[in-house]
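Please take these sequences and the hints and turn them into a complete structure.
These protein sequence lines map, in sequence, to chains A, B, C and D. If you want this note's numbering, it's the position in the first sequence, counting the first as 1, plus 231. If you want this note's numbering, it's the position in the second sequence, counting the first as 1, plus 1163. If you want this note's numbering, it's the position in the third sequence, counting the first as 1, plus 91. If you want this note's numbering, it's the position in the fourth sequence, counting the first as 1, plus 153.
Source of the hints: derived by calculation from the structure; they are not laboratory data. One or more hints might be untrue.
As the list claims (entries may be wrong) - As a list, the in silico DSS-like pairs of lysine-lysine whose alpha-carbon atoms are at most 30 angstroms apart:
#1 B:1942 <-> B:1789
#2 A:258 <-> B:2059
#3 D:384 <-> B:1300
#4 D:377 <-> B:1296
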Amino acid sequence: MLILNCPYCGVDAEETELAAGGEAHLKRYGPGSSDDEFHDYLFMRENPKGVHFERWRHANGCGKWFHAARCTQTLEVFGTYTAQTSEPPQDIKDAIAAKRPGWTWRGFS
Amino acid sequence: MSTRLAKQGRLINRSKQVTFTFNGTSMQGYEGDTLASALLANDQMMMGRSFKYHRPRGVVASGAEEPNALVGLGQGNRFEPNQRTTTTELFNGLTAISQNHWPNLEFDIGAVNSAFARFLPGGFYYKMFIHPKPFWKHVYEPFIRQSAGLGKAPDKDSRDADTYEHFYAFTDVLVIGGGVAGLQAAKAAASSGAKVMLIEQTAYWGGRAPVDGGTIDGNPVDKFVDQLVAELEAMENVTMRNRCMGAGVYDHGYVLGYERLTDHTPGVQGPRHRLWRIRAKQVVTATGAIERPLSFAGNDVPGVMLASAMRDYVVNWGVTSGERVIVATNNDDAYRTAIILKQAGVDVLRVVDARDTAGPLAEEARQLGIRVDPGKAIAKVKGGKRVKKVAICNQEGIGGAREEVECDAVAMSGGWSPVVHMWSHCGGKLTWDEANAHFRPDPERPPLGANGEGFVVAAGSANGPLALGDVLADAQTAGEAAANAAGFKPKTADAPKGETTTEAPMEPVWLMPSNAEISLRMKSWLDFQNDVKVSDVQLAAREGYESVEHTKRYTTLGMATDQGKLSNINGLAILADALDAEIPKVGTTTFRPPYTPISLASIGGEARGEVFQPIRQTPMHDWHNKNGADWEPVGHWRRTYAYVRPGESVHDAVNREVKNTRENLGLLDASTLGKLIVKGPDAGKFLDMMYTNMMSTLKVGKCRYGLMCSENGFLIDDGVVARIDEDTWLCHTTTGGAERIHGHMEEWLQTEWWDWKVYVANVTEQYAQVAVVGPNARKVLEKLGGMDVSKEALPFMEWRDGKIGDFDCRAYRISFSGELSYEIAVPASQGRAFWDALIAAGQEFGVMPYGTECLHILRAEKGFIMIGDETDGTVIPQDLGLHWALSKKKEDYLGKRAHSRTHMADPERWKLVGLETVDGSVIPDGAYAVGEGVNANGQRNMIGRVTSTYYSANLDRGIAMGLIKHGPDRMGEIVEFPGTDGKTYKAKIVDPIFYDKDGEKQNV
Amino acid sequence: MSEPISALNHASYEGIAKVEECGLQGMITLRGDLSDKVLAKAVKDATGQKVPGQREALVAGDTGVCWMSTDELLVLVPYAEVEAKLAAMTNALSGTHALAVNVSDARAVFRISGASAREVMGKLAPVDLSVDAFQPDQIRRSRLAQVAGAFWMDDAETLRVVCFRSVADYVFNLLKVAAQPGSEVGVY
Amino acid sequence: MKHYSAFAVAREALRYHTGWERAWRSPEPKKKYDVIIVGAGGHGLATAYYLGKNYGIQNVAVIEKGWLGGGNTGRNTTIIRSNYLQDPSAAIYEKARSLYEDLSQELNYNIMFSPRGVMMLAQTQHEIRGYQRTAHANALQGVKTEWITPERVKELVPIINIDGPRYPVLGALWQERGGTARHDAVAWGYARACSAMGMDIIQQCEVKGVRSENGRVVGVDTTKGAIDCEKLGIVVAGHSGQLAEMAGFRLPLEAIALQALVSEPIKPCMDVVVMANTVHGYMSQSDKGEMVIGGGTDGFNNFTQRGSFHHIEETVRALVETFPMISRLKMLRQWGGIVDMTGDRSPILSKTPLQGCFINGGWGTGGFKAIPGSGWGMAQLMATGHSPLTEAFTLDRFKEGRFIDESVAAGVAH
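Right, dumping it as structure tokens:
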């Protein structure tokens, strides 16, 4: 039963207020993209054992989507941040580095 | 025999007698008794039968760890199987029945299993009952199921008479366990000002320390407990609950508390159980320790009990478990039992101590005239339903040279194991403690919370220490540590000084005698309820079931209702020995919640009966209810399937509605259709991405039918979109689509196109919407008066704001039936009044309300697709011949890229057509069209399927729509649909529009 | 125009707390840039209140404004005035990118009052309702058992709860169960 | 291999069961095998078994990080059915079900397959249409199912409440030869048979790397050293992604938690398996008497084998509503497993970009019931390069948009 802090309304929301939205920072590929690009965009996921970036919606709350950086093995939460960004902010990356030196996730580290 | 003492019993109130029945016999007990203590007081030692061999079972413990003394409690709608007598508080009128026997407890047919025990070793059923094949299902299994299964099933029609609830609590520090350690830890934590919650599973505070004796700061333990409880109760920041068990520890500091409010006072107003959902920054587990049995032959005979339990029954409830008792031990603590029994006037024949040297307590026992035999062991306990005699031998050796002693009870102590469940539930790791031969929490590897730091601290004997002084000191430290970790500054203080007689070291004894021969090992029980013996674990190891998980599953060790609280460590030790490995190397099985079983009803909480799930109602719900509505759940909504009149079948009603709507006037409650306002400078651009067709070009005042696809290309929703003003659109969605599509839009706006200036609002429930349908639709509206609804003023696919009668409304000239049709939205608060007005005004025009089935048939007659019928999550617009709705002009919209994938562009895909049965019959729902031959897996080749199929009262024949391979190119051909009814339905492929092909009716 | 009727037409129940459906309440969902001065003035004109801060509820009786999200407010006005206030607001905001819609009829409002009011809500919403965590002037959007809802405190012993109209009956029944006699928890 | 029978048990009893030999050997790995299967769960062991039995390939090693059968094989709700909608699913699940029928005799190990019947309740009009569609498809697929009335439902399951206030039972899809089996025994039985064929089951051995030469697999590096092989089968459920990464390709999979629970044992009161998908719960009664209950999955990636409690809540309240008499029974134990989910919730049995390397995974919540069919098809694929049972479940289907979606008939997999 996770608790995530909603960066929009500031509530420490328990899981039942939230809706999980899958992997974060996917780049959308539309018409004109290759089959591989489109396939990876829709189906290929990192599924890491460890640091992961994912989307959540404060569904039973302010209704906003946000991002969370979380460890899939310990469920440790490194931080949450706005959904209006295409990559994790530096302070989140630093927070992860402090706990998981040498971490990488897709292009990020 | 077991009996009640004239005095003693710190927990019972002798002035309050309580009457109860066991297997129909009326018995007496006192307020404060548990069912177990009361039964013992009535010399009822045998309380049940074991699971596999149906052997007689007596109570062995005095608390939550009890594996044997389980009963069926209560009657009728309050009957509950497998209730532990040791945790059941006695009350007047309690009725209990013993379990797993036939015809009765004393004489049980199933006990033949016991005679054949030798032929039924661990895992025997994997090796037997294989031939002949049909026998498993019809002969072997029924017998096994019948003889297993423990408690009686509640009556099939019983309905729980009680209510249940949840409660959300938030605290800085949660302390689980109200013994001296828990109390002290709570005090230490609370001193910091932190919010502290303390829960205890029993009805009293102090745990077992008051029984074990000793002094705290010079006072008797009882006095210390009373003072401390009073002190804590007086603290503003401390919440205390007893009868509230810590059931499970979950991720991010989530803890389940299982509070039993009225189990001991049935019938009293209020909920029976309350399931606490506690969020704690830090959790202190002060859950104590559980004594281990000793493994010797016959250790399962009624009368053989844990030494600590026998002690509890004397001190807490003034009950002796026997008149002539032998104590067997590998540690000093058991001498306390010997001494207390002796002082209570019980004849303690001797203490059989596997060790050569014991501590001062042994000396004390000798002073009282108790014979102590060092280096000795119990070779075998004799007796069937009650201990009769005990054979004593040397601990070293195979158990020869026995001396037999007559007695009626045996107290055994194999040392103590900390209760580490709460520590382990969420991933806390354990470490092996050589000195005490037990697993205890490894402070280096606690369960981790949301911040990646440990969030559980173990305190007192749950953490390893067993001596009173050490327990209190450890609790003080734990309490302070928890408060610190929760972000508070506790006042550091010295723990109160606990003093007890010092004890000599225990010696691990996993088998009595040390090299017991096989005949003894086959009678040495590990799991009393599931009948797992030392020899079974050794057999499992020999056969290669080496992992502790394998052994557990192969022998069922620790899988009984006590989940191995007594048996697991002993079994583990036997396994380790058999594998010639060290115990910590073998490891433990996983500890899973709950600590002890919790009622399913408490998990469901308030969600039962009328609040099981929400039912969404439209403003006209009551009218429908009063007028014969046959309800259909659509998501959480309730919609009317048909309005059934007296003497009518549902089918009749549907046909009546179908004809009347085409011939006269029908009313549909369309309030459940979603209505989303989309507004902003970029709204048009946004809707062009959401819909497959162009919405930005829609003129103000006009409506357009739109399709929505997922990014994966599949149809997800459809509906009519209306342009309200320059930068505002109103999008209709399917019923139940409102929340889904609203979320869908917000998702794209917030996570992909966050720089677009668009706001969305869900106004679905602001309006009651009524479809006024049929040749007389305009007449009824004109009769009510108000806005001009003429063809000229309000043409097809347009909308207007205005008044109808005296109702403010928005009228849409749209049709899902092919009839002259208006959908009229009025404020929900006036929906019912508006509906009533239409019904009244409509009388002269033959008005009838119609339901969802009529709606389906009308649209099918017109070949309109229905999301959820023609679509199922695998269908794309191209399959349905909706190419016209796929904008060629737009370079992008959700689903466009997906449609260009090979399989979606495949000409072999099944395509939408109409289907007309040759004989006019109705093709069964879900029927498939078959082609020639079979595929590589021997399955009949299919070339299509029916998506919607109905009897059309207007056409008086069966009509259907379906997806058929190359369908549109095969007009006029006949395809076959084999039904599950044995018939084969022949249907001609036709155009899907069955009625009013030119659409004249809707354009009048 | 015929007499408008609220979802449960003032139904009420008395248990460990009093539960009442409040009847019709004028409500406007306002979405826009909350830092925008024009928007602030529109809110002020409609309610006399400033734009609330995060999770703030500035409500007096049937007039006030609640923070719903970073770009959304719930404006409360007397039911009879909602159309006029909405028109004025729409007019004032005509130049700016904002959305104001009447949602009065899309909602139901309940009042829970009495010493156990907090506890009744504490059985249904996963929210810390202890005095030090939840106070008058705060609003919380959350879950009431299985449906979404929002609530704030009018005073130390009174909660006002807003939910969707279609589930008013469910929420009322929930509150009745949660307020059943003999179910005091005794923590708040 | 010593033959198991009542006679053998009796004979052993006379010598206190001291004569039983190991069910499977515990060998050290050889230098090289024809085939290495990674993962000694049901699917991996069954694959090895049919490689040996159907294709005579017996120089096989099954490598297991932990203990055989210690993953999802031993954590599921043991339901066996094949009433699937789509052809490829129906084919492989029915193959599995029919193999289960004789598996005890074939393996000489009682896996307790109990064809007690599986019913899926229809509680909405939409479900009725979905299940009637499934019934029609099954008839053409050679899967014996039928649509039954509420009265028949009540007859088969006396404890059910068919006219509950919220979702009355409107009928059910009934598969008479569906049922349950003893999950651990399935793994143990296959393991014993594989070992008897001379295959090596190497437990407590973790694969650390996959070795390949010019695009072809040549072996694996393990905690017990390097082992060579001609062909490699990856059958590791939730850990597929990690293994694939070692083999140099990626999989469209995500690992999430699925939970289940059992009640305390009671005397027999429900003989069939009941699934209620509208309210998200399913229940059967084990031979021990426990009510075995399963429900929904979490929505987020999770490798902890612990799920979120509110799913247990949703499931339990649904079942208490459907079977009111269980209200006062108690939950004895809850647990979680890691399931690997694909984009269409159907499995992947496929060749991979690495020659000689095959993948069997993505079974999501439905794996146990498929074990024999999965092993049969996978063995055929690995031995011959093609299997009609597996051909639809290829990796590239996602790229082509050729999905196998079972959710369409509300027949969610369990």
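Here is what the structure says about each hint:
{"no.": "1", "hint": "B:1942 <-> B:1789", "in the structure": "holds, 26 angstroms"}
{"no.": "2", "hint": "A:258 <-> B:2059", "in the structure": "holds, 16 angstroms"}
{"no.": "3", "hint": "D:384 <-> B:1300", "in the structure": "violated, 40 angstroms"}
{"no.": "4", "hint": "D:377 <-> B:1296", "in the structure": "violated, 41 angstroms"}
Consistency note: the structure conflicts with the earlier hints numbered 3 and 4.
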